[in-house]
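Protein chains in written order, with the numbering used here: chain A, 13 to 321; chain B, -2 to 279.
Some hints here could point you the wrong way.
Dumping the calculated DSBU-like pairs for lysine-lysine here, alpha-carbon to alpha-carbon at most 35 Å [as the list claims (entries may be wrong)]:
hint, chain 1, residue 1, chain 2, residue 2
1, B, 165, A, 129
2, A, 129, A, 115
3, B, 165, B, 188
4, B, 165, A, 115
Quick list of the computed label-pair ranges, beta carbon to beta carbon [to be verified]:
hint, chain 1, residue 1, chain 2, residue 2, range
5, A, 237, B, 195, 47 to 53 Å
6, B, 260, A, 54, 32 to 38 Å
7, B, 195, A, 40, 21 to 27 Å
8, A, 40, B, 260, 35 to 41 Å
9, B, 136, A, 61, 23 to 29 Å
10, B, 25, A, 84, 44 to 50 Å
In case anyone wonders, no lab produced these hints; they're calculated from the structure. Please read these numbers as outputs of a predicted model, since none were measured by experiment. The beta carbon of each residue, even a glycine, is placed where N, CA and C say it ideally should be.
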Amino acid sequence: MAAVADTVLKPASRLRFIFDRRDVLGSLFVAPAILYVLLLVGVPFLMAVYYSVSAYTIYNPSWDYVGLENFQQIVQDAEFRRTLSNTFIFTFGSQMLGLVLGKFGALVLLRPFPGRKLVRALVILPWAVPVALATVAWQWMFDSLYSVINWTLIALGLITRAQAPNWLGTTELAMISVIVVNAWRFFPFAIVIFLAGITAVPQDVLDAATVDGAGFWRRNYQIIVPMILPIVAIGLIFGIVFTFTDLSVVFLMTMGGPINATSVLGFKGFQTGIVSGDVSHGAAISLFMLPVLLVVVIFMLRFIRRREI
Amino acid sequence: MARATAAGVAREASFYGAVAFFFVLAAFPFYWMLITSFKSNSDLYNVANIPFWFNDPPTLEHFRYLFEQTLFVRWLWNSLVIGLCVVAITLVTAVPAAYSLARLTGRTGESLGIGIFLTYLVPPTLLFLPLSRVVASLGLQNSMWSLVLVYPTFTIPFCTWLLMGFFKAMPPEIEEAAIVDGCSLAGAFFKMTIPLSLPGILTAVIFTFTLTLQEFVYALTFISSSDQKPITLGVATDLIRGDIFYWGEIMAGALIASIPVAIAYNLFLDRFIAGITGGAVK
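Next comes chain B alone, as it looks inside the complex:
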């Protein structure tokens, strides 16, 4: 009996050890961001100090510098504008496309849908060279509008796929009833289907926005002027002077930009998984 309890305790201990391991593994880099962003420079750059806690009083100097002396606010604004424009383009194209592929086009729609989704897997590192020429020939080089043009190439496939699954799960009787009541097919879509699929559309909006925030490769390729950069690119590449990294400012900026994405993912995670696995679980 005593032996069994000892084994039980050992098992519990190793289980909570594993929990602690994953907790630290996932969260430590963010804790490190947080503490770095509030530490004074004299505290940061002193190897004798214990790095895990404040040795000097916490300070807001990095945040102040970030907001007053850098283009951080401009980058936030750029990211917001890019995100909203891409969301608009994506919704206008992907919502009808997904509906069409789910309901109107039958077997061809099935294959077309898979085809569109596969383009989501075409990586930016394969397309950035020709796209940078396309962007240049449109006169958009070094402008954030180039990103508004290019980001839908991955958000449209992603959202079309996500919404296709959503529309398929809706009972077709709803539109049929509307049509019986005198709506045209298009009318049924606009008056019945869209209002009823707002949760799905909201998911598409959130993920489109976060995908634009996460993107790095196209932004890096197309944009070199500081004032045109989106937040991720600005924080990662613009807070370095020569060989000197402004670690406090970089971590403060990274923290601010990470928080909304982290919240969005946690709220909408299940739909995201259902979306990309295309219901392989069911």
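So that you can see chain A by itself, here it is in the shape it has in the complex:
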């Protein structure tokens, strides 16, 4: 007992004071993380906002204030308007397709069958593997000459070689291709989210509903779907944010082409701000993501708050 008391009293009383005060230690522990995020997310974000109202380029790094001029010029640009609508089509298309695939995939994987573990492990791959690497594999599958998809269609007698589509070289097909690739990348995540939600629905609730005469569809749409809605919403929020702001898929597969048919905000911001060095216009283009992000953040906050209560 005496030995314990000794070790307690040993440390310098001042240090002891810091290490025992909850509020002091709490702030001390959280400070480095907050500081890092403030300096490298908060400050750059404000810089991006300032760039968008300045005349900054890498060749002329002045901070002259030009007001909303950059935004006005951008909005008048038909190419940009195309980019904006492309971004919505790209996001909406790939999220819808991803969700449908995700819901069906979850239903399939819910039922036990031999080899389910293996199928589940493989189904995770599109989402786990670095997007850039999976995208180059798809680019190769969509190759204008050696496309395995075209080869199969020809072999099945559906088309002739002369009719073989140039997936990434025609405007509509290129958009469909990038949507498919992005949906493909997202659907395992949707499956996992749906599975997590469905398995969390208590079995006794379902049993009670069955006893009360609810059939498969009724159980599905009046019990399971409402109960898993919060978790699906969070999954969807992630999907929307990462799709709406995506650059990799479009950059690697189409470079925004052909004729800007697949140019999206992230890509356009990159081309303008980094490749051409027109930082102010690039920043203004990127900031068009903000309204969508804000809406998403508000939704996210509501869901998190609901969980806390």
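Got chain A; can you put chain B on it based on the hints?
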């Protein structure tokens, strides 16, 4: 009866059809990577050949070229160094922060935690312009160290959130017992909480590492010299000469870089989902 069995068979068939569909959808691009990387060029670039199997004997020439004639090994090394440094920075900042937000700071901690997590949703495509100026002013342009600096901006929020949930799930009585036994509050954290939360910390390590491997946008923005590129950027952008894509080498490189991430995800998937949904399931 016969009709019922026929319907049953049809249902089974459509179920396994659906299984097969998802199997092919998910796995085919990787099969395509695999087979491309072992095919000889004369086999690859011949439209008359059946593309699904070897028409000429398999070859290791693409792997050999990749390891001997390109900077592939250097890219692997870069990715490893970047990943380890980012893991170190993330752990040092996120573990105490998560503990503080989960245990020490009460209601403010709750809001701060949500605030930190929301920064995870600020996309690279919004920040890459100012960050590239920041990186340049620090003299890190075109250097892999710029990525070591910038990657924690998304790994710290992610891991703080992940670990917050983990610490909250731990019974506080453990630290209280240590404090009663004479530990300071900080001592209880270092001597009791950290050793007991090693599984959670390991999850954070794995995901930090895989997040750095998956990142593409910042790497593309900051780095143009081949010898500074991480693996993903190198394989996706550096194995092209003019208009010629070295498909065999690209697919071989993609395959090698994908395997560790694929394994990590499959092992730690449940924790990842619990982490990002923040326990919305419970």
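Hints and how they fare:
1. With a C-alpha separation of about 31 Å, the suggested pairing of residue 165 (chain B) with residue 129 (chain A) holds against the 35 Å cut-off.
2. Restraint check for residue 129 (chain A) and residue 115 (chain A): the C-alpha separation of about 18 Å stays at or below 35 Å, so the hint holds.
3. For the hint pairing residue 165 (chain B) with residue 188 (chain B), the CA-to-CA distance comes to about 17 Å; that is within 35 Å, so the pair holds.
4. Between residue 165 (chain B) and residue 115 (chain A) the CA atoms are separated by roughly 31 Å; this keeps the pair inside 35 Å, and the hint holds.
5. Between residue 237 (chain A) and residue 195 (chain B) the beta carbons are some 38 Å apart, a value that contradicts the proposed interval 47 to 53 Å.
6. The beta-carbon spacing between residue 260 (chain B) and residue 54 (chain A), approximately 36 Å, falls within the hinted interval of 32 to 38 Å.
7. The given range of 21 to 27 Å is respected by residue 195 (chain B) and residue 40 (chain A), whose C-beta atoms sit roughly 23 Å from each other.
8. Separated by about 37 Å at the C-beta atoms, residue 40 (chain A) and residue 260 (chain B) satisfy the suggested range of 35 to 41 Å.
9. Distance hint check: the CB atoms of residue 136 (chain B) and residue 61 (chain A) are about 25 Å apart, consistent with the given range 23 to 29 Å.
10. Evaluation of the 44 to 50 Å hint for residue 25 (chain B) and residue 84 (chain A) yields a pass: the beta carbon distance comes to about 47 Å.
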